Amino acid sequence: MAKYKYYDYSQSVLIPLQLEDQIIPGTLEFAIHTLVEERIDTSIFDEKYNNDETGRSAYDPKILLKIVLLAYSRGLNSSRKVEKACKENIAFMALSCGQRPDHSTIAAFVSCMKDEIVPLFRDVLLVCEEMNLLGGTMFALDGCKLPSNASKDWTGTIHDLQKKKDKIEQKVVQLVGDHVEEDRKGRDDEKDGGPSGKSNRKRQIERLKKKADRIEKFLKENGPKMGRGGKEIKSNVTDNESANMWTSHGVIQGYNGQALVDSEHQVIVHAEAFGEGQDSHHVPPMLDGAKENLKTVGHGEDYFAEKVLVADVSYHSTENLEKCQEERVDAYIPDTHFRKRDPRFATKDRWKPKRPKFLTLDDFRYNEATDEYLCPEGKRMKFSAKKIIMDGIIYRRYRSEEDACKGCEVKGRCIRGRDGKRRCLMVPIGILPGDVRKEMAEKIDSENARRIYNQRIAIVEPVFANIRHMKRLDRFTLRGKIKVNIQWMLYCMVHNIGKIMRYGFA
Numbered sequence: 002m003a004k005y006k007y008y009d010y011s012q013s014v015l016i017p018l019q020l021e022d023q024i025i026p027g028t029l030e031f032a033i034h035t036l037v038e039e040r041i042d043t044s045i046f047d048e049k050y051n052n053d054e055t056g057r058s059a060y061d062p063k064i065l066l067k068i069v070l071l072a073y074s075r076g077l078n079s080s081r082k083v084e085k086a087c088k089e090n091i092a093f094m095a096l097s098c099g100q101r102p103d104h105s106t107i108a109a110f111v112s113c114m115k116d117e118i119v120p121l122f123r124d125v126l127l128v129c130e131e132m133n134l135l136g137g138t139m140f141a142l143d144g145c146k147l148p149s150n151a152s153k154d155w156t157g158t159i160h161d162l163q164k165k166k167d168k169i170e171q172k173v174v175q176l177v178g179d180h181v182e183e184d185r186k187g188r189d190d191e192k193d194g195g196p197s198g199k200s201n202r203k204r205q206i207e208r209l210k211k212k213a214d215r216i217e218k219f220l221k222e223n224g225p226k227m228g229r230g231g232k233e234i235k236s237n238v239t240d241n242e243s244a245n246m247w248t249s250h251g252v253i254q255g256y257n258g259q260a261l262v263d264s265e266h267q268v269i270v271h272a273e274a275f276g277e278g279q280d281s282h283h284v285p286p287m288l289d290g291a292k293e294n295l296k297t298v299g300h301g302e303d304y305f306a307e308k309v310l311v312a313d314v315s316y317h318s319t320e321n322l323e324k325c326q327e328e329r330v331d332a333y334i335p336d337t338h339f340r341k342r343d344p345r346f347a348t349k350d351r352w353k354p355k356r357p358k359f360l361t362l363d364d365f366r367y368n369e370a371t372d373e374y375l376c377p378e379g380k381r382m383k384f385s386a387k388k389i390i391m392d393g394i395i396y397r398r399y400r401s402e403e404d405a406c407k408g409c410e411v412k413g414r415c416i417r418g419r420d421g422k423r424r425c426l427m428v429p430i431g432i433l434p435g436d437v438r439k440e441m442a443e444k445i446d447s448e449n450a451r452r453i454y455n456q457r458i459a460i461v462e463p464v465f466a467n468i469r470h471m472k473r474l475d476r477f478t479l480r481g482k483i484k485v486n487i488q489w490m491l492y493c494m495v496h497n498i499g500k501i502m503r504y505g506f507a
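Here this note's numbering runs 1 ahead of the position in the sequence shown, where the first position is 1.
Since the hints were made in silico from the structure, they are not lab data.
If you're wondering where the values come from, they're calculated on a predicted model, not measured in any experiment.
One or more of the hints may lead you astray.
Straight-line distance between alpha carbons at most 20 Å, and here's what the computed SDA-like set of lysine to any residue pairs gives [unchecked claim]:
| no. | residue 1 | residue 2 |
| --- | --- | --- |
| 1 | 482 | 238 |
| 2 | 63 | 21 |
| 3 | 166 | 208 |
| 4 | 203 | 183 |
| 5 | 82 | 103 |
| 6 | 115 | 482 |
| 7 | 444 | 338 |
| 8 | 387 | 397 |
| 9 | 165 | 241 |
| 10 | 387 | 427 |
| 11 | 422 | 400 |
| 12 | 235 | 150 |
| 13 | 172 | 137 |
| 14 | 212 | 183 |
| 15 | 211 | 223 |
| 16 | 166 | 239 |
| 17 | 165 | 224 |
| 18 | 308 | 137 |
| 19 | 380 | 444 |
| 20 | 115 | 21 |
Build the full structure now, drawing on both the sequences and the hints.
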């Protein structure tokens with residue numbers, strides 16, 4: 002007969018446990034505990050409390066900050082899950098010193114850190130500087146687009162939202178009419194299955210009315226949301242500071258989390274979330290924010306002078322490049338066609354030049370003696386104008402005779418417009434001095450520039466991989482730019498604390 006060890010669930014067990022022993026050196030929780038206790042100034046939270054004489058004692062901000070940082074490092078960004086962890090997980094119990102703040106306390110603590118988040122981030126950055134984790138020679142800038150706590154169904158222009166409200170109201174009128182008609186005929190039981198069908202329709206009407214009232218309230222309080230180009234862009238009823246943006250996974254309603262990363266040990270020197278999908282305006286605020294952060298750790302105003310900055314093609318804009326010139330930054334930000342000009346990609350199908358549908362400059366022969374061009378049909382094109390500037394490029398213009406193209410067999414491939422009467426040939430002869438975009442396009446085509454730019458992926462992409470996949474930040478759980486920015490900076494703080502732990506602080 003089988004023999005098993007005896008067990009009894011009703012028995013009592015006394016386990017001697019010291020919380021401090023559970024915070025083991027070499028772990029992330031130990032690094033968080035040590036930094037918050039010794040290096041991060043949490044006295045900045047004291048002004049929020051006025052309970053020294055009356056009122057209930059509050060949870061110490063040190064305890065709440067430790068809990069939140071550990072939770073974000075483990076992919077817990079729900080305050081209810083954090084509350085549960087403080088009751089069940091020994092690491093959270095140790096950091097909270099046995100205290101159990103509820104989810105509303107944790108959520109309120111994170112949401113109200115508007116004025117404190119930047120000083121906290123700088124305190125961690127100062128430790129990175131003291132540990133020589135900042136190389137200060139090359140930086141990479143990139144963005145991570147994440148969905149926000151807002152639905153795409155509530156997105157549209159003011160006109161679109163008004164139409165949505167009108168359709169909902171029409172549906173309500175229709176449902177109310179059906180409901181009244183059924184009551185009048187007394188066929189509720191047969192058609193809708195008795196009282197349950199009637200109550201379901203009533204609940205549906207109430208839900209639709211709430212939706213219509215919500216849109217109406219939004220339209221009364223908000224006007225059209227204008228983009229940088231002066232045209233209206235889509236608003237969102239749930240979170241109007243978020244943006245409808247394109248990503249590699251489709252269209253999302255969310256925020257663009259930016260990070261400026263030092264190449265030495267991939268430490269984030271500045272982080273900020275923007276409600277804008279395009280990166281063409283993000284270099285100035287990111288450089289200015291990084292300068293302020295680095296100033297607090299002992300560096301001067303000209304810290305970025307002669308430093309290398311790499312960013313992808315989405316940052317190639319006049320505003321961004323002029324900011325780099327102003328700060329004397331050695332920037333490498335390519336244009337969208339730089340791969341097509343790179344000989345290393347000449348054999349790749351994706352970057353092979355497509356066969357032109359129309360005739361190009363190569364199809365015309367130049368006669369240097371007469372300063373004329375001959376078209377493929379042998380028609381002469383005479384010099385017309387010397388200096389025409391378009392998109393920063395200087396051209397010489399040549400034109401055919403007024404009736405020379407009449408009846409030409411290749412006219413459809415030569416003259417683009419349907420009503421065009423003669424061919425006009427624009428020959429580029431140089432770029433306009435001071436055009437930063439064209440100068441950058443020429444700069445990025447050099448072999449040394451390509452070598453430098455190729456380091457971008459190795460610097461910044463692992464940072465986003467760590468935050469998105471290891472820390473499991475797949476969406477922002479808060480609403481509004483201020484709160485989303487707090488959450489983004491907290492995740493970037495956790496990333497930097499991980500670097501501190503890895504290189505020997507703990």
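We went through each hint and held it up to the structure:
{"no.": "1", "hint": "482 - 238", "verdict": "holds (14 Å)"}
{"no.": "2", "hint": "63 - 21", "verdict": "holds (15 Å)"}
{"no.": "3", "hint": "166 - 208", "verdict": "holds (13 Å)"}
{"no.": "4", "hint": "203 - 183", "verdict": "holds (13 Å)"}
{"no.": "5", "hint": "82 - 103", "verdict": "holds (10 Å)"}
{"no.": "6", "hint": "115 - 482", "verdict": "holds (10 Å)"}
{"no.": "7", "hint": "444 - 338", "verdict": "holds (13 Å)"}
{"no.": "8", "hint": "387 - 397", "verdict": "holds (5 Å)"}
{"no.": "9", "hint": "165 - 241", "verdict": "holds (17 Å)"}
{"no.": "10", "hint": "387 - 427", "verdict": "holds (10 Å)"}
{"no.": "11", "hint": "422 - 400", "verdict": "holds (11 Å)"}
{"no.": "12", "hint": "235 - 150", "verdict": "holds (16 Å)"}
{"no.": "13", "hint": "172 - 137", "verdict": "violated (61 Å)"}
{"no.": "14", "hint": "212 - 183", "verdict": "violated (25 Å)"}
{"no.": "15", "hint": "211 - 223", "verdict": "holds (18 Å)"}
{"no.": "16", "hint": "166 - 239", "verdict": "holds (15 Å)"}
{"no.": "17", "hint": "165 - 224", "verdict": "holds (16 Å)"}
{"no.": "18", "hint": "308 - 137", "verdict": "holds (7 Å)"}
{"no.": "19", "hint": "380 - 444", "verdict": "violated (38 Å)"}
{"no.": "20", "hint": "115 - 21", "verdict": "violated (31 Å)"}
Going down the numbered hints, you'll see the structure goes against 13, 14, 19, 20, while the others check out.
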